[in-house]
Structures are given as structure tokens and as C-alpha cells.
Amino acid sequence: MAGERELRELRRPGWTFRFLAGNYDLYLMILPALVLLFLFNYLPMYGAVIAFKDYNFMGGIQGSPWVGFTHFQRLFQEREFYRILRNTLLISFYRIVFQFPLPILLAILLNEVGNMFFKRVVQTVTYMPHFLSWVIVGSLVIDLLSPNSGIINDACRSLGLPEITLMSKASFRGIVVVSQAWKETGWSAIIYLAAILSINPELYEVAIVDGAGRLRQTWHITLPGILTTIVFILLLRIGALMSTDVEQILMLYNPLVYETGDVIGTYVYRTGLGKMEFSYTTAIGLFQSVVGFVLLVGANRVSRKYTNTGMW
Amino acid sequence: MIRTKGQKVFSAVNGLLMLLVAAVALFPFLHEVSKSISDEAAVMAGDVGLIPIGFNLRTYRVVLGTYDFWRSLAVSAVITVAGTVLQIVVLSLAAYPLSRRVFPGKRIFLFLFVFTMLFNGGLIPTYLVVKSLGLLDKLWALILPGLVNVFNLILLRNYFLTVPDSLEDSARIDGCSNLTVFARIVFPLSLPAVATIAVYCAVSYWNGYFGALIYISSKTLQPLSIYLRTMVIEADSQLVNLNPELANLNPESLRSATVVAATLPILLVYPFLQRYFVKGALVGAVKE
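As they're listed, the protein sequences go chains A and B. Under my numbering, think of the first position of the first sequence as 1, with each following residue one higher. Under my numbering, think of the first position of the second sequence as 1001, with each following residue one higher.
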């Protein structure tokens, strides 16, 4: 951060030149990050023009012929496109409905635990799955749901319930949401726990004097106290409606469940890199990026207006 | 505090509920450990729950005796160490000018960084860029594309903002260059934030899978995540060919042992690093 000396400098004429002469090293410091940003973030944005071209290896990004909106026209006519769009949106939607409330509930209940040691242990244990990769969590899920020896289907059979397997179209999205909840609920609770801790304790003291029980305290003090955080996280999730955790789906899905489980990210990977349909899948990716951008900007605007917090 | 009967009941029920939550978080992993050390016949029959049946370490001897396991572990270690060191250097160098009150162009640079969080060129164009840079099937392809993590950059910058101006000023009056002020004063004072980000960064390099899936084709360059995935899915037939000892080994036991062996490195460091994780999550929660 700049200090007094620099502020004095600012008031003298010709300061920009003197500043640049004396501080060129600041630009050298930021240079490596800018170069990497240009190479791996901005060049691909430029490369996305192949969505409007017919990419071939000879011509590359620049030399391939323009085809206008052909790929987008094809996109909106393909049944498969609506399938991956529907799956992407549905999985995000189910995550908001079923998974989003869990960390809030966990944080509120965890906050009620009086024994500090016990609380710490529960926190440590529930944060842990967040740090395991999807390859590992996917392996655990595959193992638990194995049709022959998986312990969950063992239990299902002995209780007379239908089996839950990764081969079943009906249960795939449920498995995705539940395994995500298992991995992330503990970790996501941190932000709500912090929000609860920042509530003025006097409010609770007053409520106790007024004879409010635990439930009423939660309803009238804790929930309103963390409402801003809840709304903010909810808007973040809405902003991310178009994106799915591709690694997770890749770990769990198989051709039998493409109907309900194939999402934009996995389709682009399979068709783009697998079948070399570079231009068409870039068009799909561009569609996803643009809609995602609009959703995020919209969510941020709503958030700024109603919660006074923004993502940027 | 006066506790009514109702409150006592609530505390007890809540305690049990939290115990249950912790159990659910732990169960899949404990089950896997139990399977990996049980008798193979019991595993095959699907009898193993939380308590191991019998005792058997043959699977671990096989997993830990597999050359590919150690090689992919070494590849993951190289990516993690190199990626983390590079990311810390590049990001903290960039975060310092961005944290200065006077830095012509600051707003434009910040916009350029943050914009990449909102919009990206997509998978295929990124792949084509990596390919045209000649990075396909090189470990650099796993390190460089994600190196500029804008979220971490912002965390670092926000922490640098808290370093008192007076300290920097006095150094500058003594004739220190910006780089020296950064290296001698700002960076050392920000070590808590740097440590937190280093831990995040290391976890994401260690866990990375998708990058290796699309960029790496040589078997010798496969990180642990790819090796593990191959074991889990395509396991049986391939391995039997590689290692005659596996011919009569139950693939499920083998899979469990591999998963446990691959998880252990994370679990071993997790308790020591947990406080950094939590600190980072809270720094991220506080907005600029």
C-alpha cells in the first residue's frame, strides 16, 4: 500500500512519469501472472471463435473457414443438447433444494453443542471429506453401491427395498446430490458458523430474560442474523446453475445413465475430445459460458441490492 | 445458566444427532479400511461392514509392491510441490502491486483478473492453446493452466492490504526498492496468509484429475488420481497380466486397499493443516 510520501508525490505535476520511472519494478512483478493469464485464460477466449468456424487441423484457429451460426443452429435442433441442458439445470436445481439447506441446519445445531471438545471433533470429522478428491469419493460411492457386495444394497435387500445402483437412470441424480452433500456439507457449514458467532450475544441474553426458549431464539435471532449470508450463498448457487462438477459426474456415470446423468461438461469432453468435434462442442461451451456469465452478473446485482454484499 | 428439563433433553438429542452426522461422514472410509484388511472371501461375499472379518495384509503388500503406484505417487508429489511453489511466487508477486494505493493501471489489471472468474473460453479452446504451446503430455500442462488462481490472488492481496503503510514507508526512505520492500517486509509479515493459500493450492494440485485425463497420455507421467481411477474401473484384467501374483486376488479387496493407500497421505497431514483450511475459508468469507 502506498503511504504518505506517495500521496505528497501525487500533488506535484508530472507525477506519472516520475512514478513510472521510479516504480517500473512493480510492473515487472505483476508481469508473470499477466503472461499466464493471457496464455491460459484470454487466448482460449479468443480461441472460442472456432464456434463460428469449421475447425480443421490444417488451418487451426485462424485459418479455418467461417461458417457463421451453423453450429448454434445445429445445437438447438439436437435432442441431445436439450438432454444435457436439462440434466445440468436439474442437478443444480436439486442441489439448491435438497443440499443447500443442510449446512445451515448443521451450523445451527453445531452451535448449540456446549462441549467445546465434542464440537471440535464433529467439525474436524465433517470437514474432512471436502479434502478428498472426487476420484476417491467416487471410488467410495461405487464400492458402497456395488450391486453384489455393496453394503447399501445389502441393507436394501434385507429391508425389502429396491436396489440403488449407478446403473439406474432413476436414482442417478439422487446419488450425485447425496454424494455431493456428503462431501461438502461440513465444509459449507463453516461460513454459517462464522456468521452465527458474529451475532451480538446481548440479543440472546435479552431473549432469555424475556423467556424465549432455544427454538424461539433460533427462529427470532439466529436465523435473521445469518439471513444475509444465506441469501448471498443462495445467489452464488443460482449464478452457478449452468456449471456442474464435471469430475464428479465423470467418476459416477456410465452409458446406461446418460439419459439422466450426462451434463454439458461431460458431453463436451466426450464429443469434443473423443470424437474431435471441436467447433460444435466449442459452440456448446460458449453457450454455457455466456448464460453462466449472465446468471452470475444478474445474481451479483440482486445480491448488491438486497444484501449489500457482492462477489466483486 | 438455569437449564430446564426440556433443554437437557434437547442437548442430549442434539448431541446424538451430531454424533450421527460425524458417523455418516466417517463411515464410508472406515468401511473401506475394514474391507481392505478383511479376508478376501468375506469381502467377496459382501459380509464386511464396519468391523473387519479375519485379517489379511496381502492386498497391501501387492499395492505397495506395485511399481506404478509409487511412480504415480512421485508424479503427484512433483506436480504438487512445483505447482504450489510457483503459484505462491507468481501470485504474491502480482498481489503486491495490486495492494498498493498508487499503482497506475491497477483497476484495469484487477478487472482482467476478476473477469476470468466470470467467463472462460471453454474446454476445447483451452485444450487447443495447451496443445499449440507444445505442452501436451508434459507435466507443465498440469501445473501452468491453473496457476493463476484469481481467488487465491485476491485473498493474498487483501492480506497485503493489512500490512501497515508506515513500515513500508520507512523502508522506502532508507532507499529500498519495491521488490525489496515486498521481499523483506510485506511477504514475511503475510506468512499466515501465504501458508493458508499454499495448503489450498497443494490440495488442489494433489487431487487434480481432469487435467491429467485430457493432457497426459504417457503412462509414465500419470499422477496418482489417474492410476487410482484405472485401478477402480479397469482394474481386474489389466493388472492380472502385469502381476501374476494378482491372478488369485479378489479385485474388490485390491481396490479397497488402493483407495485407502491413496487417501492416507491426505489424512495424515489433514489434522496438522486443518486450522489453515478453516482460516482460509473465513478469509474468503469476508468480502473486500
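Derived by calculation from the structure, the hints in this document are not laboratory data. Every residue, glycine too, gets a C-beta built ideally from N, C-alpha and C. Keep in mind that a hint or two might mislead.
[Claimed, not checked] Sample of chain B residues facing chain A (criterion: CB under 10 Å; computed from the structure):
#1 Ser-1011
#2 Ala-1074
#3 Phe-1109
#4 Ala-1198
#5 Val-1278
Now for the hints, and whether the structure bears them out:
1. Ser-1011: holds, 7 Å
2. Ala-1074: Ala-1074(B) check fails; min Cβ-Cβ to chain A is 17 Å, beyond 10 Å.
3. Phe-1109: Given a least distance of 6 Å, the restraint on Phe-1109(B) holds.
4. Ala-1198: violated, 14 Å
5. Val-1278: Interface hint status for Val-1278(B): holds (6 Å vs cutoff 10 Å).
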